[in-house]
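Enquirer: Take a look at the letters that make up each chain.
There are 2 protein chains.
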Amino acid sequence: MSVENNAWKLATRPDGDIKQSDLEWVAETLPDPAEGEICVRHVYLSLDPTNRIWMSDIDQYMPPVAIGEVMRGGTLGVVEASNVNGYAVGDMVSGMGGWQKYTVGPANAWQVLPKDTGLPMTAFMGCLSFIGMTAYFGLLDICDPKPGETVVVNAAAGAVGSLVGQIAKIKDARVVGIAGSDDKCKWIKDELGFDEAINYKTENVLEMLKQYCPDGIDCVFENVGGQILDDQLTLMNNFSRIALCGLISTYNDLDAPGPKMFRNILMKRIMVKGFIVSDYMARAQEAMADLGKWMMEGKLQYRVDVRPGLENAPQVVNDLFVGANTGKLMIQISDE
Amino acid sequence: MSVENNAWKLATRPDGDIKQSDLEWVAETLPDPAEGEICVRHVYLSLDPTNRIWMSDIDQYMPPVAIGEVMRGGTLGVVEASNVNGYAVGDMVSGMGGWQKYTVGPANAWQVLPKDTGLPMTAFMGCLSFIGMTAYFGLLDICDPKPGETVVVNAAAGAVGSLVGQIAKIKDARVVGIAGSDDKCKWIKDELGFDEAINYKTENVLEMLKQYCPDGIDCVFENVGGQILDDQLTLMNNFSRIALCGLISTYNDLDAPGPKMFRNILMKRIMVKGFIVSDYMARAQEAMADLGKWMMEGKLQYRVDVRPGLENAPQVVNDLFVGANTGKLMIQISDE
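Protein sequences appear in the order of chains A and B.
Reading the first sequence from the start, the letters are residues 0 to 335 in numbering that gives the first Met the number 0.
Reading the second sequence from the start, the letters are residues 0 to 335 in numbering that gives the first Met the number 0.
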């Protein structure tokens, strides 16, 4: 039962925004799974800011995707054929399946998802995935906010940012979110319980931060970089902390200057630490236990932004860089 | 026994380099010490890169020096008159006496130096002062180099940098120093035991770092900022650490851009921490015990660069920003 696959392969490294011509749409027949292998039909493809990093060949935390290779991406799928114990046809699995319809390969690259949780499948691409772990460890391990401290999170209506703010509230911090539309601001404030929200597209971020952080900023969960990072640095307190999770405003421009207020890291004795969720893989259970509990208690809400059709991935991924998504952006490749 | 004092008072905030006209030379008669006060004759005035920060009104770790106020500075002096127990005439004392010949004021702002140590008085403005503590805590508390790791220190022939490299060698790290002349490079390599030295004025820093750090950089003790910081960031390893002690290349230019390779803090999961030696005051004894022991064992060498005459301070301080000093720069105000 070989399958007809379609895949987006990296054709050339993007210059600035990702163009469709940077990827090539290919059709190929995949073989049956060999001993120890499974065939996975991809249902959801995760689109993430880091996709842009992987397409480039800058020095980065994983090898860049090679030219001619299937574009890397996180996927949820269903086992269609199995040649190994522990993976049954019909099992839901999670893994780095890439920008394609099927994977045939070693089963141990895939994790079987728990059954009968009552949770929608997409939860395993949000809260209960590397997304949730990113928010959890970046905030709690690096920023470590104390009750009453002020936490600022940007890209606050994004998949990670929206969880960061909610976890900070669970930890009794004061939370200010920065997002890119009035709708997003309304959502994080009215529905997610952020104390304040700033629309960076229509408001003066520095002035609003001054107003909303009268005691200064103790923790920043940084997803964006650029001017927003400078504005935050300007108002950070002595001995404050920055969890550096992303710099999405700079991914399309390698010549972007660094933060002008870098000197405040010295003046205010700030601790900045970059991290990648995979650094915390050994502690995954710790995060999943808390995140699962908080979800069951109704303390963590999330939004998914599901777009149809693998063929649209190269256009849709750019929505991340202009904030045109609300919540976790993913492509639905096939039916659940 | 009132004294005739001369002082440099801040007249205006410098724009770029410090000009003599930014300070005003004043003469005034000081009163006798009141109850609880002493009169200190200043012998040595410490000149430090941070002087430039104090003259500006940027957001900083101490209040800026006010216009019309005596310029702030660390001093060693001799008690000339005392109106308080515990401070005897002739005692050597250390404190923030400022850019002036005498201080009359509260004794508790001054620390009596140990007697009969066999050490020159200037040692208490070098190794056994906030200079030594800066090197000690920045390197050991923030960078925490492991044996065999590679430490890069810039301004490496400076008062702090030269100690950082020697302490890193005591801890069995590999040490590469960056300094501004062949003489300085020769000194840190041949006399202080640095493994390698780079003359940033004549050599390509990035290329030499690549050559001298074949296993990448694990720790940076940052005094300089600017292009040198970018070059280091380019070669830093995963989970490496930066002790951010100073950014001397940027103090005269508030519009200096931040490090372009800031993104590597994310990609390489680097930890950057700014610090000021006063943050570690509670642990001063810990540093002094080790530094004193290492000095006695001949493991720590230092150089002082003593210039005569308080009236020259406004010109001499600029030598720090062009690297025209070798070792701890100080002004001799009066005889020991």
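One should not assume that every hint holds.
Copies of the same chain are indistinguishable here, so a pair counts whether it falls within one copy or spans any two.
Said to hold, decoys possible - In silico lysine-lysine, DSBU-like type, Cα no more than 35 Å apart, as pairs:
| hint | residue 1 | residue 2 |
| --- | --- | --- |
| 1 | 188 | 8 |
| 2 | 114 | 298 |
| 3 | 8 | 209 |
| 4 | 114 | 200 |
| 5 | 145 | 209 |
| 6 | 259 | 8 |
| 7 | 18 | 259 |
| 8 | 170 | 8 |
| 9 | 8 | 168 |
| 10 | 292 | 8 |
| 11 | 18 | 298 |
| 12 | 114 | 18 |
| 13 | 114 | 188 |
| 14 | 168 | 18 |
| 15 | 259 | 209 |
| 16 | 114 | 259 |
| 17 | 145 | 168 |
| 18 | 298 | 8 |
Just so you know, the hints here were simulated from the structure itself, not pulled from any lab data.
On a predicted model such as this, the values are computed, not experimentally measured, just so you know.
Enquirer: The structure should be examined with respect to each hint, and the outcome stated for every one.
Expert: Hint check results:
no., hint, verdict
1, 188 <-> 8, "neither (40 Å within a copy, 51 Å between copies)"
2, 114 <-> 298, "within (22 Å within a copy, 64 Å between copies)"
3, 8 <-> 209, "between (46 Å within a copy, 33 Å between copies)"
4, 114 <-> 200, "neither (42 Å within a copy, 64 Å between copies)"
5, 145 <-> 209, "within (20 Å within a copy, 41 Å between copies)"
6, 259 <-> 8, "between (38 Å within a copy, 30 Å between copies)"
7, 18 <-> 259, "both (31 Å within a copy, 25 Å between copies)"
8, 170 <-> 8, "neither (43 Å within a copy, 49 Å between copies)"
9, 8 <-> 168, "neither (41 Å within a copy, 49 Å between copies)"
10, 292 <-> 8, "neither (39 Å within a copy, 62 Å between copies)"
11, 18 <-> 298, "neither (39 Å within a copy, 59 Å between copies)"
12, 114 <-> 18, "neither (38 Å within a copy, 74 Å between copies)"
13, 114 <-> 188, "within (33 Å within a copy, 64 Å between copies)"
14, 168 <-> 18, "neither (39 Å within a copy, 51 Å between copies)"
15, 259 <-> 209, "both (18 Å within a copy, 27 Å between copies)"
16, 114 <-> 259, "neither (49 Å within a copy, 47 Å between copies)"
17, 145 <-> 168, "within (11 Å within a copy, 38 Å between copies)"
18, 298 <-> 8, "neither (40 Å within a copy, 58 Å between copies)"
Against the hints set out earlier in the document, violations occur for numbers 1, 4, 8, 9, 10, 11, 12, 14, 16, 18.
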